[in-house]
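Novice: Here is what each chain is made of, one letter per residue.
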Amino acid sequence: MFVGKIIGTVVATRKDPKLEGRKLLIVRPLDEHMAAAKNDYLVAVDTVSAGYHEQVLVVQGSSARMAFGMKDCPVDSAIIGIVDSFVIEDIPGESG
Amino acid sequence: MFVGKIIGTVVATRKDPKLEGRKLLIVRPLDEHMAAAKNDYLVAVDTVSAGYHEQVLVVQGSSARMAFGMKDCPVDSAIIGIVDSFVIEDIPGESG
Amino acid sequence: MFVGKIIGTVVATRKDPKLEGRKLLIVRPLDEHMAAAKNDYLVAVDTVSAGYHEQVLVVQGSSARMAFGMKDCPVDSAIIGIVDSFVIEDIPGESG
Amino acid sequence: MFVGKIIGTVVATRKDPKLEGRKLLIVRPLDEHMAAAKNDYLVAVDTVSAGYHEQVLVVQGSSARMAFGMKDCPVDSAIIGIVDSFVIEDIPGESG
Amino acid sequence: MFVGKIIGTVVATRKDPKLEGRKLLIVRPLDEHMAAAKNDYLVAVDTVSAGYHEQVLVVQGSSARMAFGMKDCPVDSAIIGIVDSFVIEDIPGESG
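Protein chains in written order, with numbering that gives the first Met the number 0: chain A, 0 to 95; chain B, 0 to 95; chain C, 0 to 95; chain D, 0 to 95; chain E, 0 to 95.
One should not assume that every hint holds.
If chains are identical, the list can't say which one is meant, so a pair holds when it fits in one copy or spans any two.
Subject to a maximum C-alpha distance of 25 Å in a straight line, what follows is the list of computed BS3-like cross-link-like pairs (lysine-lysine) [claimed, not checked]:
| no. | residue 1 | residue 2 |
| --- | --- | --- |
| 1 | Lys22 | Lys37 |
| 2 | Lys37 | Lys70 |
| 3 | Lys70 | Lys17 |
| 4 | Lys37 | Lys17 |
Since the hints were derived computationally from the structure, they do not count as laboratory data.
Next comes chain A alone, as it looks inside the complex (with noise of 0.2 Å):
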């Protein structure tokens, strides 16, 4: 998984009806200072009411099926946590 940020929406009127009434969120992965790492976005779910700007855990994969609500929905990636807190606990200079 990765925390993301919601940055915006899709609409798609015509589309698979197993979408139909879903959520399909613009989400951009954050690097580990919670800052966006780059230009990059994919489109999510959206599983669990997530607002705009918030940070969120997506899942990728065939486990995004496993999300609630999406049984065999043709998604990859699914929107499944409002993240609370990311904290990190790395030495720097330590290596490994």
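Chains B, C, D and E: place on chain A using the hints.
Specialist: Below, chains B, C, D and E alone, put in the same frame as chain A:
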């Protein structure tokens, strides 16, 4: 998922029986400004009757087989929606 | 999926029992001009009796096991079509 | 699989019901010298009671759901072992 | 699939129960000239009794669980063959 633009077609007469009658389109990934990010492409099966130069939503991996009519098909990318709007409300300069 | 060119063969006498009798080909990915994009390759199982230097359609991941005769086989890439034509109608200079 | 080092924790109060009670750890991939290869990370679910700064074995993709207790969970990365030794016996300068 | 060379071993005493008794090897990917492409590695489970410095065929993703004896195991990479020959008959300078 990601958003791409349809830029061409692949024709393969000799192919897996499960691909008979499927439309195989060439999709170029688009960046967040809806411009072609790079000289890259993938071949995706069309499941929403997408047209040339339309902006489409693409799902990858095993979830491509969850798209309409694709059950048990040897496809790893499927077009599952026509994008009506792609709106980013990111605040430039704001970290995270 | 992507389009590649067959450039060689891998022979492995000692191998997984489910690979017995399978033809393992070396495939070089092609860019959108049907030129070799880089010195890259992958090994794919052939399911359409592809020949040397032919341009082929390759499927990856779990969907490779959906190719003809590949059920439950330990393969992550399969050749599933011979490409007759690959036509791009992109308009250069046009953004998006 | 790859070897990484645990460098932090993610807390998400609002999350997928199947993630309740799971420990979500931040893992930094290690290179072959067991040094941090780059400023990269991923979030993995812990299944072996791993501790801070321990070197761990990480499995990705659908196989993360095969880890102990993870059946049908929306996770794409799982910590499945504590690395005791990682020994390379490559001969430098030898091609291939 | 890709071809790699076995360069080491990973030992993990505390690990997922399904990994008990499995041999975890460090594999370095090889380029098309059978030279180490880069300082890269992955950890794969051995299913063909491969030996040090042997050139092996590696399968990734969920298909690694299709390798002999790996059903339902939390592995995303498996060694499934010993490479006897890897022959490329590409014609240099020929585009596509």
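Novice: Hint by hint, note whether the structure agrees.
Specialist: Hints versus structure:
In the homo-oligomer, the alpha carbons of lysine 22 and lysine 37 lie at most 25 Å apart inside one protomer (24 Å), although the nearest pairing across protomers, at 28 Å, exceeds that limit. Proximity of lysine 37 and lysine 70 under a CA criterion of 25 Å is satisfied in neither setting, with 31 Å inside one chain copy and 33 Å between copies. Taking the shortest alpha-carbon separations for lysine 70 and lysine 17, both the intra-copy value of 10 Å and the inter-copy value of 13 Å come in at or below 25 Å. In the homo-oligomer, the alpha carbons of lysine 37 and lysine 17 never lie at most 25 Å apart, since the shortest distance is 31 Å inside one protomer and 31 Å across protomers.
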